[in-house]
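For the record, the sequence lines run as chains C, H, B and G. This note's numbering puts the last residue of the first sequence at 304; the count rises by one with no breaks. This note's numbering puts the last residue of the second sequence at 304; the count rises by one with no breaks. This note's numbering puts the last residue of the third sequence at 304; the count rises by one with no breaks. This note's numbering puts the last residue of the fourth sequence at 304; the count rises by one with no breaks.
One thing to keep in mind: the hints can contain errors.
Because identical chains cannot be distinguished in the list, a pair is counted as satisfied if it fits within a single copy or across any two copies.
[To be verified] No farther apart than 27 Å at their CA atoms in a straight line, the calculated lysine-lysine pairs in the BS3-like style are these:
# : residue 1 : residue 2
1 : Lys-128   : Lys-282
2 : Lys-213   : Lys-32
3 : Lys-158   : Lys-183
4 : Lys-158   : Lys-213
5 : Lys-298   : Lys-131
6 : Lys-298   : Lys-140
7 : Lys-282   : Lys-57
8 : Lys-57    : Lys-158
9 : Lys-290   : Lys-83
Bear in mind the hints are in silico, worked out from the structure with no lab data behind them.
Chain by chain, the residues:
There are 4 protein chains.
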Amino acid sequence: MNYQQVLDEIWQEVASLPPEGEVASYIPELAKVNPNAFGAHLCDVSGGHYAIGESEKKFSIQSISKVFSLTLAISLAGDPIWKRVGVEPSGDPFNSMIQLEFEQGIPRNPLINAGALVICDYLIGQLKDPKADYLRFIQKIAGDDTISYNYSVAASEKQWGHRNAAMANLMKAFGNIHHDIEKVLDLYFHICAIEMSCRQLAKTFLLYTFHGKVPHTGEQLLTLSQAKRLNAIMQTCGFYDEAGEFSFRVGLPGKSGVGGGIAAIHPGEYSVAVWSPRLNPKGNSFLGMKVLELLTTKTGRSIF
Amino acid sequence: MNYQQVLDEIWQEVASLPPEGEVASYIPELAKVNPNAFGAHLCDVSGGHYAIGESEKKFSIQSISKVFSLTLAISLAGDPIWKRVGVEPSGDPFNSMIQLEFEQGIPRNPLINAGALVICDYLIGQLKDPKADYLRFIQKIAGDDTISYNYSVAASEKQWGHRNAAMANLMKAFGNIHHDIEKVLDLYFHICAIEMSCRQLAKTFLLYTFHGKVPHTGEQLLTLSQAKRLNAIMQTCGFYDEAGEFSFRVGLPGKSGVGGGIAAIHPGEYSVAVWSPRLNPKGNSFLGMKVLELLTTKTGRSIF
Amino acid sequence: MNYQQVLDEIWQEVASLPPEGEVASYIPELAKVNPNAFGAHLCDVSGGHYAIGESEKKFSIQSISKVFSLTLAISLAGDPIWKRVGVEPSGDPFNSMIQLEFEQGIPRNPLINAGALVICDYLIGQLKDPKADYLRFIQKIAGDDTISYNYSVAASEKQWGHRNAAMANLMKAFGNIHHDIEKVLDLYFHICAIEMSCRQLAKTFLLYTFHGKVPHTGEQLLTLSQAKRLNAIMQTCGFYDEAGEFSFRVGLPGKSGVGGGIAAIHPGEYSVAVWSPRLNPKGNSFLGMKVLELLTTKTGRSIF
Amino acid sequence: MNYQQVLDEIWQEVASLPPEGEVASYIPELAKVNPNAFGAHLCDVSGGHYAIGESEKKFSIQSISKVFSLTLAISLAGDPIWKRVGVEPSGDPFNSMIQLEFEQGIPRNPLINAGALVICDYLIGQLKDPKADYLRFIQKIAGDDTISYNYSVAASEKQWGHRNAAMANLMKAFGNIHHDIEKVLDLYFHICAIEMSCRQLAKTFLLYTFHGKVPHTGEQLLTLSQAKRLNAIMQTCGFYDEAGEFSFRVGLPGKSGVGGGIAAIHPGEYSVAVWSPRLNPKGNSFLGMKVLELLTTKTGRSIF
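Put together the whole structure using the sequences plus the hints.
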């Protein structure tokens, strides 16, 4: 497959589309981004790299980072975390608090905010220096020690993070947060404030393309079963309230962030990252979804 | 009316009842109380004082304190606070978070926890030294400067107050908490940690018996309309999820606390406070309700 | 008290108010009414009758009828019905279905639609000819056999009553409706379609003024305790999501209907009915509430 | 791939498992089935048929039938139905009524009961003789005119279908049911009462394996895009509250029914149906899921 040609064609197609969607503005730091920024990067299993646009420019990966914190937790914990967080789609966008109330503080899955907070709480109990250790973990998978936190974004998230604080407190009331809430939130806001380029993101996602093996070191970080679990969770829970739509249009496991990034994989074939900050009403990158839809259409390979 | 005789008869009746209900135990400090403690005090409008049992012993008045913080807020604000908190019963006990979610951070009334938090937030904006000023306010109405906070209870409330913290954060996310959450919670937990005896409580509630006038100073602290509003709110919202049952059995405006206290008034006739720490399943003092039911039955005077 | 003079003054005051609020239009039959119709009738315990406006004109009493069906059920059942329906305010207007779902098919109180449906179900099990028997019951209390159903309204209610049908079915799924749903709904829609004048309504409500005794026959239809229960329920649950506001402004037990009627009582003193079809946003008669507020202000007698 | 050998191995493995789970008993007709019945049938794209156990015995396919009614609706309507029903997972099992209430009568997807009711409503508007036409439609895809309704099951469903009636009425109140509710429910209860054998079910599901083409007639019943949509919906919504778990363990689009059947497909490779009436706590066939898990493990081919 000539991935570069496919990406070039896609770039040409999406370049002619009128701009649609708005940049996330719930924190000032995110609103500063150029709304028309665009880049994509694809890594295939043969070691090929293919890119278009600003694929080397770093952006705030936001919720995509939850895949990495979950990966770290699974690699440390094995199965026990599934008693504290589910593996099913969350369904209703309006009811994060309501769902927690009725399901007694157990979040539906680890890719929604409440679930990611539980994962942070778990990591705090396992890591000596959680923020530093988490960063090193990503750097290791990516094989790239330039990846870092954007501390302004982390601070901004904290300043506007009252809904996350509400959820953490409610889960604490139900006994599903074990550590100090300030520490849990601090780790969470930093995890969301990781910056990576499309290249770095795609390279890191090769871990999932290779079923849990870090390709450049050969380390089997996750068991095959753990890797399958991660892919299944991304498939059903990775796109806020648009998992069904994404399955239909794209049909790949992946995760999006409100910074406009989407990372996805075709197991055994490639990983891909796209970045375009304008979001559709469901909070997913408008062009990002379009690019991935064209990719699976043009390559003729989705999971369906 | 020979209130002392009525109280004595009531005491005799309830003394023979088998103990029923459990002491509140959600914080260790409250669980330490003697479950069989009992006292009551009635003040009539002629200045008469009538008491039975441990009427001079201080206990944690808990949510009864919300009536005083609301009184202070109303006396400072007049009507503006009703844009930030409603005046209707909250109905469902299970859904404090859910109600806040759907009503966009506006609590149903100022006597539920969420509403009392909004009142605390308001007071922080109005008072120079909120905790000290609040205490002085109660001492002034009561004409008794021995009333004080129990700081162990306040600390204990804070340690176990994650659900309150969750609500404060959610309301902050909706823009209905204006000040720093830690300050709001700190004031709230102190307000709930006021200690008073039945005598002090009954004397303070004379304010509502006298339609907003502090009887021992003659100060008209609330307008007649404000006093009516307060009585109406106590009547419909003062007993958690048992307002209807209390209206039926007792038929007086009042407020209960999980410390086992209940204060109530017969407008223009008397105020009364009862204390017995064993609670019924709805969180109201088991004997407290019984005493008040007997009081209105024996005096033949309820509002119905 | 010169009630006629009071009513005349009130009429003069409200006549000068600009029209406010809209007539209920969820069924075409109700929308046909003259929006500016107005009447009131007061019966005192001495047998006095005082009236203003179109006090003899019949209108659709709608939910006010739920007080009578509850009265009939209580007089037949005594306490057992309280296992199937609560006595507490419903709180949230948006959540009739949600509340039923979470409280397993047990309505909060008998004056909301779900609760009135349970009462209908109960009556079907107790009465030989429920619709006829119910009508005769009202006629007996009122001492007036011209009271009747408006069959067009009943048919119209049925045609648009899918939400009521949804609640009946959900309660049936929870086992709290015992009879055929069609029969329950048919009785319910007829009960809501009773037509009475202000005079007839006020006269019927004397039953509650006299603590359960039918004044013109002397029959003690309800025990004192049952009558107190009914008054308490009206006080806390009689005005949709405006029980607290009504308590504050009016301070009398009562019940309103979307036909624009409100009936209320001052126990031991009088009963009163007002009719004005324009409703406020909470579904209560705009002028009706105003009239009753002026009545308790001018007579200086509310329960607070 | 020697599918017969794979199935034989699976049969041997599951035969040694202790019986687990209970037969659906919400209607008496379903409770009559032999809990230990077991069968499976696989059709590959080359026309091969492979079977184990009671693969020719008919059972109640229940909710699996919703895939066919959706297929018929899509083939008639194209896109318009997506305005009346969503394509996203429903998430919370407890809140079918709540979700409908908040999302104003629009069900989350067409494979939950509420969504299937909307599809029935749509079909009633499109078909001359809905029940007969629906049956003929299935017979045509299956190439088998012995498929039929079990009228006892349909009658039993109706007798116990109050929750479905509640949802239909609520959606009617929101304007999302256009036809008579009795007709909609009647069609719905019949659709759930279709009986098929594993062989018939697998053969019918070849339609989805072949991306919308009926293999034995060559008719392209659905466009490729429509077929992809159907597969995506099955993938994300086909297993009640276990879509994530099924994705992880099996990784194939499919649909289960409380009769103990599961049908699934590997696009372009095979269709498979399993039947074993004992259900896990989420309502999916215990052995059915086990068989499909072993199938994708042994063939080494899931979508992940």
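Against the structure, the hints come out as follows:
1. Lys-128 to Lys-282: The answer is neither: 37 Å in one copy and 39 Å across copies each exceed 27 Å.
2. Lys-213 to Lys-32: neither (36 Å within a copy, 50 Å between copies)
3. Lys-158 to Lys-183: Result: close both inside a copy and across copies, 11 Å intra and 17 Å inter.
4. Lys-158 to Lys-213: neither (34 Å within a copy, 46 Å between copies)
5. Lys-298 to Lys-131: neither (40 Å within a copy, 41 Å between copies)
6. Lys-298 to Lys-140: Classified as neither: same-chain Cα gap 33 Å, cross-chain 33 Å, threshold 27 Å.
7. Lys-282 to Lys-57: Within one copy only: 25 Å inside a chain, 45 Å across chains, cut-off 27 Å.
8. Lys-57 to Lys-158: Within. Shortest intra-copy distance 25 Å satisfies the 27 Å Cα cut-off; inter-copy 45 Å does not.
9. Lys-290 to Lys-83: between (36 Å within a copy, 21 Å between copies)
Taken one by one, the earlier hints fail for this structure at numbers 1, 2, 4, 5, 6, listed in ascending order.
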